Amino acid sequence: MFALIDGNNFYVSCERVFDPKLEGRPVVVLSNNDGCVVARSQEVKALGVKMGVPWFQLRDLARQHGIVAKSSNYSLYGDMSARMMALLGRFSPEQEIYSIDECFLGMKGFGHYDLTAYGQDIRARVRQYLGLPVCVGFGATKTLAKLANHAAKKRPEFDGVCDLAALSPVAQDTLLASIDVGEVWGVGYRGTPRLKALGIGNVKDLRDADPKWLRREFSVVLERTVTELRGIPCIDLEEAAPAKQQIMSSRAFGAYVYDLAGLEEAVTTYIGRAAEKLRRQGSVAGAVQVYVRTNPFKEDHPQYQRGLTVPLPDPSDDTRLLARAALAGLKRLYKPGYAYQKAGVMLLDLSDARYTQGALFEADRGNPALMRVMDRINGLWGHGTLRLAAEGVPASNRDWRMRRGMMSPCYTTRWADIPRVS
Amino acid sequence: MIAIPTPQPPRATRPLFLSRVPAGFPSPAEDYVECSLDLNEHLIEHREATFFVRVKGQSMTGAGISDGDLLVVDRSLEAGDGDIVVAVVDGELTIKRLSRRGSHVRLLAEHPGFAPIEFKDGQELTVWGVVTSIVRRLR
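Here the protein sequences line up with chains A and B, keeping their order. Residue numbers for the first sequence, in the numbering used here: 1221 to 1642. Residue numbers for the second sequence, in the numbering used here: 18 to 156.
Each hint should be verified, as a subset may be incorrect.
[Claimed, not checked] No farther apart than 35 angstroms at their CA atoms in a straight line, the calculated lysine-lysine pairs in the DSBU-like style are these:
id, chain 1, residue 1, chain 2, residue 2
1, A, LYS1424, A, LYS1270
2, A, LYS1265, A, LYS1241
3, A, LYS1373, A, LYS1328
4, A, LYS1241, A, LYS1374
5, A, LYS1416, A, LYS1270
6, A, LYS1265, A, LYS1373
7, B, LYS73, A, LYS1241
8, A, LYS1265, B, LYS137
9, A, LYS1270, A, LYS1241
10, A, LYS1373, B, LYS137
11, B, LYS73, B, LYS137
12, B, LYS137, A, LYS1241
[To be verified] Only some residues are given here: those of chain A computed to face chain B with a beta carbon under 8 angstroms:
id, residue
13, PRO1240
14, LYS1241
15, ALA1306
16, LEU1307
17, GLN1348
18, TYR1349
19, LEU1350
20, THR1632
21, ILE1638
22, PRO1639
23, SER1642
[Stated by the list, open to error] In silico contact screen, one side only, chain B against chain A (beta carbon under 10 angstroms); selected entries:
id, residue
24, HIS63
25, GLU65
26, PHE68
27, GLN75
28, ASP84
29, LEU88
30, VAL90
31, ARG92
32, SER93
33, GLU95
34, ASP107
35, GLY108
36, ILE112
37, THR143
38, TRP145
39, GLY146
Because the hints were derived from the structure by calculation, they are not lab data. Everything numeric in this text was worked out from a predicted model, so none of it was measured. C-beta atoms are modelled at their ideal positions from N, C-alpha and C, and glycine is treated no differently.
Let the sequences and hints guide you as you build the complete structure.
So this is what it looks like as structure tokens:
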């Protein structure tokens, strides 16, 4: 047995916890640079606003219905997510964190429990401790747990918790027949039209289709999905996220950058972030890739895009050595006369810092003590408090920084931003 | 919880052969280094449910809560009569003392200049969290 717990409209709900005025009002959260809608409250969904719509297209509708837009505040969502995952982890010995707002729990040995009641306990706990609404789905496989969660969220009669196994076979069939095949985990947008063309329109159709035939027509993955729909687990919980094999940090700029100095600031900042992640997972990098590009959607602008990988003399996790490599690469990439829209870095060839081969001669591995101090300070007082001079001055509000005009305070991660109550 | 700056325990991530091996006796203090006190432990019972807020204004001075104080708020606790709570009133977070006498629910300020907030039958009081500590820096 598996459970899938998923935050309802997670980003919007996080905003509402600290700004209760937003309760009951239509709210959207926008992507980086305030571009597109990445989260919608129920009220906004009811207005027919789709995910991914550019904000500028919504201006009229927003004025008409009083839609409140928020810039994405990932510090807030990340902290609330970490709290939620820690809480949920106490409801089972096995947990797989699947995304920022959803996780699977292993329910082995919970057979004698009333899972529907257990699911309501989970909801009540997260609601009280964090103020966040969640839905809970239980199923014999991860694929079924996902579907149960979908039902719990979309059908008010389930009151936020759906245990598929608790339904009679007839009720299960009716439910599955009423859910579009595109909702099945792993089918997605691409598989859906072909399945429908072959007469498989809902989840029940898919479950009852011949797996061998599906394997021939589609893939072994879809065969596995069908097996899972029939209640036979094929996909295990992945408890420990494997250490990342590469770490990326990149952003589109808030405004075009033309000069090398601007790109250098951006690249150094990205290296700082990536190196922090690298150290957190206890790895060292053997090479740094840096890339820049212009805006491919501005076809009338001269286009340029290039990346370069710079190997390090010795694997390192030292921000200064990684930045030195990245900046050397950037210098070779940079060509004047272009409007750069994006830059990024990738740390490659990662290995465990503990098992690094020592060089025979003096190796420049950097200064781990300094890096520890840097991570501590930045952990205490926020990103970029202690940084390389090449990153530039944060208050300068340089052009390349993201546009986040409607961002809420970092209520839970920055002392200056904690809620004020009177 | 990210909001509480607990320093991460130092990680031994360097290759062994790079560390220097001092000759002589190990420091007798080495066995005791873990015994320092952590204020988080003292002030925070439920990490996930604990949030910090800053006091604005004078409405709770009678309860020893002043403008600018940092409050530790635990959302996991059931609010009872007499608790100081953060509550939602008209979409705003406010700090008051909860008074619950049977079905008569009120939010009381601790300052003569502020009237109690009454909750009539059918009006629901939303308690955001229970205040468990006041943190005030003197300099």
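Each hint, compared with the structure:
1. Proposed proximity of LYS1424/A and LYS1270/A is supported: the alpha carbons are some 27 angstroms apart, at most 35 angstroms.
2. For the hint pairing LYS1265/A with LYS1241/A, the CA-to-CA distance comes to about 19 angstroms; that is within 35 angstroms, so the pair holds.
3. The suggested pairing of LYS1373/A with LYS1328/A holds, with an alpha-carbon distance near 24 angstroms, which does not exceed 35 angstroms.
4. Between LYS1241/A and LYS1374/A the CA atoms are separated by roughly 25 angstroms; this keeps the pair inside 35 angstroms, and the hint holds.
5. Between LYS1416/A and LYS1270/A the alpha-carbon distance is near 22 angstroms, which keeps this suggested pair within the 35 angstroms criterion.
6. Distance hint between LYS1265/A and LYS1373/A is fulfilled; the C-alpha atoms sit about 13 angstroms from each other, no more than 35 angstroms.
7. Under the criterion of a C-alpha separation no larger than 35 angstroms, the hint pairing LYS73/B with LYS1241/A is consistent with the structure, at around 18 angstroms.
8. Of the pairs offered as hints, the one joining LYS1265/A and LYS137/B holds, with about 34 angstroms between alpha carbons and a cut-off of 35 angstroms not exceeded.
9. Among the hinted pairs, LYS1270/A with LYS1241/A is consistent with the structure: their alpha-carbon atoms are about 24 angstroms apart, no more than 35 angstroms.
10. Of the pairs offered as hints, the one joining LYS1373/A and LYS137/B holds, with about 33 angstroms between alpha carbons and a cut-off of 35 angstroms not exceeded.
11. For the proposed pair LYS73/B and LYS137/B, the alpha carbon gap of about 27 angstroms is at most 35 angstroms, so the pair holds.
12. Proximity of LYS137/B to LYS1241/A is assessed by CA-CA distance (about 21 angstroms); at most 35 angstroms being required, the pair is judged to hold.
13. Interface restraint check: PRO1240/A against chain B, minimum CB-CB distance 5 angstroms, threshold 8 angstroms, status holds.
14. At its closest, the beta carbon of LYS1241/A sits 4 angstroms from a beta carbon of chain B; the interface hint therefore holds under the 8 angstroms criterion.
15. Because the smallest distance between the Cβ of ALA1306/A and any Cβ of chain B comes to about 5 angstroms, under 8 angstroms, the interface hint for this residue holds.
16. A least Cβ separation of about 5 angstroms between LEU1307/A and chain B falls short of the 8 angstroms threshold, and the interface hint therefore holds.
17. Using the Cβ-Cβ criterion of 8 angstroms, the hint placing GLN1348/A at the interface with chain B is satisfied: the shortest such distance is roughly 6 angstroms.
18. Hint on TYR1349/A holds. Least Cβ distance to chain B is approximately 4 angstroms, under the 8 angstroms limit.
19. Look at LEU1350/A: its Cβ gets to within about 7 angstroms of chain B, closer than 8 angstroms, so that hint holds up.
20. Checking THR1632/A against chain B: minimum C-beta separation of about 4 angstroms stays under 8 angstroms; hint holds.
21. Nearest Cβ of chain B to the Cβ of ILE1638/A: about 5 angstroms, under the 8 angstroms cut. The hint holds.
22. For PRO1639/A, the interface hint holds, the least distance from its beta-carbon to any beta-carbon of chain B being 5 angstroms, beneath 8 angstroms.
23. Because the closest C-beta pair between SER1642/A and chain B is about 4 angstroms apart, less than 8 angstroms, the hint holds.
24. About 7 angstroms separates the beta-carbon of HIS63/B from the nearest beta-carbon of chain A, less than 10 angstroms, and the hint is met.
25. This hint holds: GLU65/B has a C-beta 4 angstroms from the nearest C-beta of chain A, less than the 10 angstroms allowed.
26. The criterion of a C-beta within 10 angstroms of any C-beta in chain A is met by PHE68/B, whose closest approach is roughly 6 angstroms, and the hint holds.
27. At a threshold of 10 angstroms, the smallest CB-CB gap from GLN75/B to chain A is about 9 angstroms, leaving the interface hint in force.
28. The interface hint given for ASP84/B is met, as the beta carbon of that residue sits about 9 angstroms from the closest beta carbon of chain A, less than 10 angstroms.
29. A cut of 10 angstroms between beta carbons decides the hint on LEU88/B: the least distance to chain A is about 8 angstroms, and the hint holds.
30. Checking VAL90/B against chain A: minimum C-beta separation of about 9 angstroms stays under 10 angstroms; hint holds.
31. With its C-beta approaching chain A no nearer than about 5 angstroms, ARG92/B sits inside the 10 angstroms limit, and its interface hint holds.
32. Restraint check, SER93/B versus chain A: the minimum CB separation of about 5 angstroms is within 10 angstroms; hint holds.
33. A distance limit of 10 angstroms between C-beta atoms decides the matter here; for GLU95/B the minimum to chain A is near 9 angstroms, and the interface restraint holds.
34. Checking ASP107/B against chain A: minimum C-beta separation of about 8 angstroms stays under 10 angstroms; hint holds.
35. Among the interface hints, the one on GLY108/B holds; its C-beta lies about 4 angstroms from the nearest C-beta in chain A, closer than the 10 angstroms criterion.
36. The closest approach between the C-beta of ILE112/B and any C-beta of chain A is roughly 5 angstroms, which is under the 10 angstroms cut-off, so the hint is satisfied.
37. Taking 10 angstroms as the C-beta cut-off, the interface hint given for THR143/B holds, the closest approach to chain A being about 7 angstroms.
38. Of the supplied interface hints, the one on TRP145/B holds, with its beta-carbon coming within about 7 angstroms of a beta-carbon of chain A, less than 10 angstroms.
39. Because the smallest distance between the Cβ of GLY146/B and any Cβ of chain A comes to about 9 angstroms, under 10 angstroms, the interface hint for this residue holds.
The structure is consistent with each of the numbered hints, conforming to all of them.
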